[in-house]
Every structure is written in structure tokens, then in C-alpha cells.
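Go ahead and model the full structure; you've got the sequences and the hints to work with.
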Amino acid sequence: MSSQQEPSLAFLWKQRRRIRRLLFFTYRFNFRWFHNEVLNFIRRSAFSDTDVLVFATRFDDDGYVGGSKVFGESFGDLYSLDEWAKWDMRHQVRYVPATQHLFHNKFIVAEYEKPINGRQFAYLLGVGSANLTWGGWQRNFELWTWDAGKGLRACASFLKFLASMPSVGKGVVESWVDGINRSAQGSASLPWLFGDKEALRQRAFKALIGGIQGDARVLRILSPYFDEGSPQLMEEILSLLESSKGPLPRVEVWVDASQIFASASDYRSLMALQKKCNHKILVKSLRTKARAVHPVWEQVHAKAIELEGASGSVSRLLGSANFTAAAWIGRRNTETVFHETARESLPRLLDHSLEVGPVPDEALNRWACAETDMKDGHEAKQRYIYWAAFDETAQPHTLTVSYFSKDLPVSFEIVAAFDSRRTVPPRLQAIVELFQNVESWIWLKNQKGLLKLQLKSRLSLFPERMRVILKFAEGTSIESGVEVSNPDFGLRDPTSGIPREPSYENVFGLGKTIVDPLPKRTTLEASDDDAPDEEEDVVEAPAAPDSLTDDPDFDRQPVGVQFAKSLAKAKVDPIQMKILRRRVEAFRGQAQDPAERMMLDVLHHATEEKAT
Amino acid sequence: MFIVRPFQRQTSIRSILGFMSLATRWGDYLFPGITVLTRDLHDVKAIHETAIAMRVGDSPRKRHEFQRPETDRKIAYTLSKLLSRENTRFSPNQLTQRMTYWQRYGSLISHFGLLDEKRTKSVDGYREMIFRDRCGPANEEPAIRRRRITHFKWYRHNRHNIPTVIGDDVHRLFVGQTGSWRRWWLTGLRPPADAPIAVRLVRELEFFFVVWQTLFEASALLLRETGRADVPKGRRSDPSELLVAELVDSRTNGPLKWQKLISLCLQIHDQLISPRVEMWQAKAIKLIGLEKNADGFVKLHNGKDIATLGTTHSSELPEALAELHLTYCDLQGKRHAVCAFSFKHRKRGPNCPALSAGFASWRWGLFSYRFQSSQTLFESLRYSD
Chain G
356 MSSQQEPSLA FLWKQRRRIR RLLFFTYRFN FRWFHNEVLN FIRRSAFSDT
406 DVLVFATRFD DDGYVGGSKV FGESFGDLYS LDEWAKWDMR HQVRYVPATQ
456 HLFHNKFIVA EYEKPINGRQ FAYLLGVGSA NLTWGGWQRN FELWTWDAGK
506 GLRACASFLK FLASMPSVGK GVVESWVDGI NRSAQGSASL PWLFGDKEAL
556 RQRAFKALIG GIQGDARVLR ILSPYFDEGS PQLMEEILSL LESSKGPLPR
606 VEVWVDASQI FASASDYRSL MALQKKCNHK ILVKSLRTKA RAVHPVWEQV
656 HAKAIELEGA SGSVSRLLGS ANFTAAAWIG RRNTETVFHE TARESLPRLL
706 DHSLEVGPVP DEALNRWACA ETDMKDGHEA KQRYIYWAAF DETAQPHTLT
756 VSYFSKDLPV SFEIVAAFDS RRTVPPRLQA IVELFQNVES WIWLKNQKGL
806 LKLQLKSRLS LFPERMRVIL KFAEGTSIES GVEVSNPDFG LRDPTSGIPR
856 EPSYENVFGL GKTIVDPLPK RTTLEASDDD APDEEEDVVE APAAPDSLTD
906 DPDFDRQPVG VQFAKSLAKA KVDPIQMKIL RRRVEAFRGQ AQDPAERMML
956 DVLHHATEEK AT
Chain H
60 MFIVRPFQRQ TSIRSILGFM SLATRWGDYL FPGITVLTRD LHDVKAIHET
110 AIAMRVGDSP RKRHEFQRPE TDRKIAYTLS KLLSRENTRF SPNQLTQRMT
160 YWQRYGSLIS HFGLLDEKRT KSVDGYREMI FRDRCGPANE EPAIRRRRIT
210 HFKWYRHNRH NIPTVIGDDV HRLFVGQTGS WRRWWLTGLR PPADAPIAVR
260 LVRELEFFFV VWQTLFEASA LLLRETGRAD VPKGRRSDPS ELLVAELVDS
310 RTNGPLKWQK LISLCLQIHD QLISPRVEMW QAKAIKLIGL EKNADGFVKL
360 HNGKDIATLG TTHSSELPEA LAELHLTYCD LQGKRHAVCA FSFKHRKRGP
410 NCPALSAGFA SWRWGLFSYR FQSSQTLFES LRYSD
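Going line by line, the protein sequences match chains G and H.
In terms of this note's numbering, the first sequence opens at residue 356 and continues consecutively.
In terms of this note's numbering, the second sequence opens at residue 60 and continues consecutively.
No wet-lab data here; the hints were simulated from the structure.
Any given hint could turn out to be false.
Partner residues are not named here, just some residues of chain H that face chain G (Cβ under 8 Å, in silico) [claimed, not checked]:
#: 1; residue: F61
#: 2; residue: V63
#: 3; residue: R64
#: 4; residue: P65
#: 5; residue: R283
#: 6; residue: G286
#: 7; residue: R394
#: 8; residue: H395
#: 9; residue: P409
Think of the CB as a built atom: it goes at the ideal place given N, C-alpha and C, for glycine as much as any other residue.
So this is what it looks like as C-alpha cells:
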């Protein structure tokens, strides 16, 4: 399988075989981007029963979470799940608490149908530095490989370790472990980093050094982050090199000079590393060639340790591990590493638009001191929210917040809203007020790093946008948008993914959603010479229904008939019965109209009878 | 191993702060029925002929069918035949539009009720229908018709005053009587007596937009290249002329230029925009409010109005513009197009902006080509040699 064919995420769905199931493991996750721009591509190459499972530890905070922003603050969008609705339960997102371990790995496992032998499945393993975010796969400088098949056993070991975490639970990854173990041959080439890393690290570094023939010419470290343990790592690699390869090579450290990822503390650690190595390290970064006069530094998020031999052979470790103690020494982080040998070094892999340039010492000095006037950024580093997930299937609804802080929050605030383009009727405004009222919630759990809140009342309604703010004793606070972790598609419209209005009509799957889908904007750009800069918001031409049966007004039946038909269908189909009962239960508590409530009560009894 | 490449082509945002939506509404007000997408009356005739051939007036279903993209080929075929009668050869393939004919001409066709008209006209007939005082369709209100034709004629009479601005010409351009006229056309200040009220308001708004958008773009460029965008307000004697001079000077590009532009824009905002923006908004609401809700003419995409942004102190203006930009990118679903998340927190976006304001004769600012588009449709030279 050659990675040269498609050096992007699209490699997953551009294979000539169907995807049976997919497992994405990422540290940062941008749900809205994944939902809007990735899931639909996967669906086109998937079977009707293909599963997509995502593990994530932290929301992407690249500007805003969840892709929605109301009055300058970021909110998750709990309604607009049109693509997920097409997958229903076959797509799951598991947010992992970062209490015991910080799962920093980034890898993707795909199970494909095997073209010849229908019984066995083929596995594809991709590892690298890219998070499952827009930045990770569309913008940053990231390294990845789809040729990591020899790491499948290491992957299975890691998944087994993951399965032992109480927060993951049984039955989630075991089938993956079994499948991979059946498919993978031979022993793990290089174990991934978790647990006691001492021996693993030594093994990885030895593999790196053993991967080149003859003397080493250049040792190249790529990492956006550094910490107080970076000098120790450098010392270990250099001493191993000295003992096995003789004279020390030139050492280059490629950093993130864009300052998007690296902060002042990283540059300070880098300077300490330079000092430790008597300033023999060349600090470099990547920039676009076109702007050489005023260089625009690339946003380097790639992590690799590369050794280039005098003969031209290249050996490298790549994956999720930064050049830090947190990645290579401490027990908290778990990391993915993969060893490969190659013929082309990193500078030769760069295309014509990029070049490697030295980072001046004065710039490093300036960046190392830059944090003093960025108070917000400094405070944000002391505490932050990893993720905030709303469980719609739990009754009453729950909200779980995973955060990083040395102390516990003393209070919280929920900000609920509907999209600013809507006119919110009083009934929905009441939902907003209910969710925003702290008295409506019970603290279920407030242990270090994890807060769980539960609504006091059972509701099927919830606001479109939500944001949670955790407040601490000395007056500081941290906040995050809230995303849905478990949507209840039995109560949502299958096309738009928007929750249905609690009414008896909706029990039969007809009727309307709580709010209408927001219009998708279409911007068309003219190409004509006489108005080269023109751009217009154009309304899509209305499409005529293809046939009479597509018209929603066609075939309107009396409610009684619809009910009888639904019950008849549910009688022979237990899943239909379950959905029907679920809808009746969810809606009857909230129906405003007495006649409607009575109708739903009758339906409730009828479904109970059918069930018995 | 490979360096990760994007798997999707990213479309850009041209109207970086979403001002184009307001400019479009004002353009529709000035020239009802004409948009910048309506370029040639031959297209209008071809669309109308095709609609009649498809018997679109007979039923709503046929009207739906007509509006589908598949009709484009039929229209292109009709247009090709029509042009060949005038000895202009174009194959239907050459005439198929990148955006559908309906998207391009839909508003004109609807405005003049052409789908209900069962007889075609000559190209001159359509020209008269749109631009001559007494030849309008029955469904168009006389006041609306008068407005379009008045603005069209006024611009036709005055457009020779607007030259393309080049390099060293700037100061000479604003000297004398014609210079005063041009100064008004640039800034909206001290309008000539014969300028219609709506044109005056549009020119003022155009100036606000030029200053704010240039400020945002220059700040985003400076942030991208130096990591910060805080520049003190300027104290120059004629900042508007200097702004034009700086914008048309293509020889220099770099942090010094961005700093100059930011400082000029901040000065203009405080001196020439803030003191008059509330008066502008009151006049705009008075003018538009007589006919329709004025919100669409004075409200930005973040729900705030022009006066609120205009009265924001220059020290807070860049951050307010970043917030507006972010909201607009979000509404368009184009987060990749964000140029700056925050100037205050020095958070750059993934996209790199360019300066948009231009001073070609048909443009002078950001959206003035809307005036020219009425002339373009009138002249209909798209298919001429």
C-alpha cells in the first residue's frame, strides 16, 4: 500500500474497497469539522452497517469549538446533526476523561473488505502527528504514514490497555483487539509509549540508530513542544549514538516558529536545550518560499526524530510523541510511535513551496519572553476544559465536563441559547431559562478533573447551543462549548438530525422539528471580466418534487389510521415498537395541549399493552 | 511517511467582513431589477424565449422544471441561435454558464415578471423595458421604475468624472471643481447638489466600508507577519488622500505599509466616520423605512448596526472587526477563511488576506461596480467583438 497515492485523509476512502469499520483515535477532536466534512466522504465508501468509532480526549480550540459562535463566544451545536442522523448508532464518539492518563495518541485503524477472500478482513493502520481536526488534516505541517501495518500488534496492545480503563468500559474495543490480533502477523515492531517508558524509550532510540548504515550525518528533531526533560532525551540519544556510531552528527531542531502551537515556555525549554548542548544545535523552521522577505512561518505540529546516515540512508521515529519528558518519560501521557527506514530525508520531502530556514537567536529570545503581556494565555494554561459532553440518551439528561486544574471548581454556569437568526418562541425560551438555572441541575460527581451534572427533571427538549463555565475559589473561570456525545435519533428528525417537536404527530415519524434547519448559504463567484470581484449570495433555485408521492401533502391520512398502521408495524418489529414507545414516553410529559396530552396517554397505554 | 496535504480545496471569502450583503441590498435599491450578475440583454431574451418554448407560464410545475440547472443547455442553445442571427458565432458549449442562468438572471426575470409574458421582445425591447421611462411592464411600480432610471441616467451623465487612479496621480485628482466632486465620490462628504439622496448615502457607506475593511486587512497582514497589530492612530492633515495613495501604490508591500494603512484608517474612523455615522444611519432609515424594513440596509452580520460599529472608539475597532469577521466566516461555514481570530489576543487565522480596495474607474472602493453594472446591461456588449 503506497502512501504516495494520496498523502491525505482521503486515502481512507479512495481505496477500491469498501470500509467495514473505522476507528479514529485522536487527542484533539473537532466534531463539527469531522461531522460536516469527513463523515459524508466515509459514508460513500462504506457498507450500510459500517461502524465509525472516535476516541478523543480534548476539543479542538482552534478559534471556536463546534463551529458555532454566538456573540463572540463559542458554543457547541446540539441540533444540527444531519450527517450523524444518517449513521445513527453506527457512529459513536467517546470522549475519554484525562484523569489518570492523557491519551495523546493519533492513529486511525480501518477494516476493509478483502477483495479476494471474503472471510478475512484487511486492516490499515495510519499513525502520525495529525489530530482529527481541520488544522490537523487541512492546514498544519504534519507527518503521517498509512504504511504502519507492522505496528498493528502494538496498536492491539494499546487498545487492550485502553479497554482496561474504567471510563472506556467493556465491549467497546475488544472486537477491534481480536480482529487486529487475528490479522496482524509477527510480533510488534516497536511498542507504543504507555506505562513504564524507560525500556520502551531505549528500544525506540536503538531502533532509530540501528536503522542507518554507517556513520550518522544529521540528527533532526521535529517538535512544536519542549519541556524540562528535553535535554535528558537529547543526552540519551547522543550518548547512544556516540557509543555505536562514533563521531556525533550535526543536530538540527525544527520548531514551530509560527507561535501557533509553541508558547514562551517551549522556547525557554528549547533555549535550555541549546545551552545544555553548548549551542551546537541548529534551530530551524519551515516557511513559505513566496514570502521570503517577510517569512510566514509554517505551523509545525509534526513530531519526528530523524537520523540521516552519511550513506544517505534515513531512519526515523514518527508519531504523536513530542520531544518532551511528558511524551517519552512520564507515565501520564500515552503516545504512538512508529519506526521506519527510508531513502529520503525530511528536507527532500518538502515540496517547492516550502523551505527550511534558520530561526534567529534574537527571535527565540523574544518569543521566550512573549508571555508576560499575554495574561489570558498564561492563565488559560493553568486550567482548561478538555471537553464538555451532553448525554441526550440519559434520562434525565447529563452533562459531563473533563477539565485540567489543580483544584476543584466551586460553582458552574450554563449558558444556553438558540441561533441568533431564529425568533425564539416563549416555549423554547423557557427551555433556555431552565438549562441556565443552576437550581435545575444536581452535582453527580465533582472529582479532580471530572464534573458530572444531571438535570433534575426528565425532558426531551434541550437548547440548540450550550456552553459551560466552571468557576474556581479565587474567582477565575474556564469555559467551553458543549457537544452531544450520545444523540437520541429516535427523537430526532432523520434528515436534519434536529430534535422533533413533542407532539402526537411526531410519534409516527411525521410532523415537524423543534426549529427549522438553518438555511445553507450559497455564495457564487462570478468569473466575468467586467466585475472580477463580484460575489453574490444567491438563493438556490427551488426544486420541483420528482413525483407526487414526494410531496409532503400527498397521502395525508387521519391520525387514527396512522396510529393503527404504526402499531401494526411495531407489532412485528420490536425495534419499531421500542422507538414508538420511546417517542410516546418522551413527548407525553411535555405536550402543552390537553387533547394532545390525552392522545399521547392513550398511545402510551396502547404501546404498553402491545409490549406485554 | 508523507507530509499531510489538504484533501479538500478551500473556497475563499471575498467579502471578508460580509459588507457585500449590505452593498447588494443598497445596489438593489438603487437599481431595482438589475444586479451585477445581469450582464447582457441577449441572455435575457434567450431565457425568455426558452421559457415560452417550455410553456412555463402554464403551471408551477413547469416553472420549477425551468429553474433547474438542466435548462441551462436549452438556454445556451437558444442564445447561440439568437447570436448567430446577429452574425456572432458561439457554440452552446461556450455559452453554458458557470452558475446557472436562473441564478444569474433570476432576480431580473422575476422583477419584470417575464415568465408570465407570453411574447418575446427584441433586445432593444428589453432595453426599453428596463431603461426607458414609459415602456415598463405593468407589474412594476412607477416609483421603483423612476428610481432605477434616475440613478442610471445620473451615473451615465457623471461617470466621466471617475478616472482610474494610478501611482503619483493622487493629489492632482482632488484639485479644482472636478477634484471636489471626486473627493465627494471617495468620502461621501459635501455632495454635489444634483446627486440623488440614495447615491449620497451609498457613497458615504462605501467610504465607511473601505476604511474598515482596509483597517481589518492591514491589521491581519501585520499580525501575520509580525505577530502583533497594535499601531497608534495617525495625525496626518489629509488622511483620505493618503489612504488612496497608499492603496494604489503597488511598489511597496510589507509591515511598514500595513502600519501606515492602519494608522490612517484609525485616524479617518475617529475624524471622519464616528462624528457622522449616526446621522447617516438616521437618514438611511428614513429613506428606506418608507418602503421596507431598513434592518437589511444598516445591520451587519453580527446583528449590530452601522452606527454601533461607526461609533466604536478607534482603540477597540480592530477587535470589533475581528469579531465581525469571525461571525461572518462562521455563518458562511468557511472557518478556513478566517484571517484573524483576535487582534487583542494576537491570534492569527489560517488564511492570509490581501488588500481589497481598488481605484479603477468602474470601482473606486469596494462595491462601486454596482453603478457600472447598470451601464453594462444597458450597453450589452458581452457578445460583441
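### Query
Tell me, which hint numbers fail for this structure?
Of the numbered hints, all hold.
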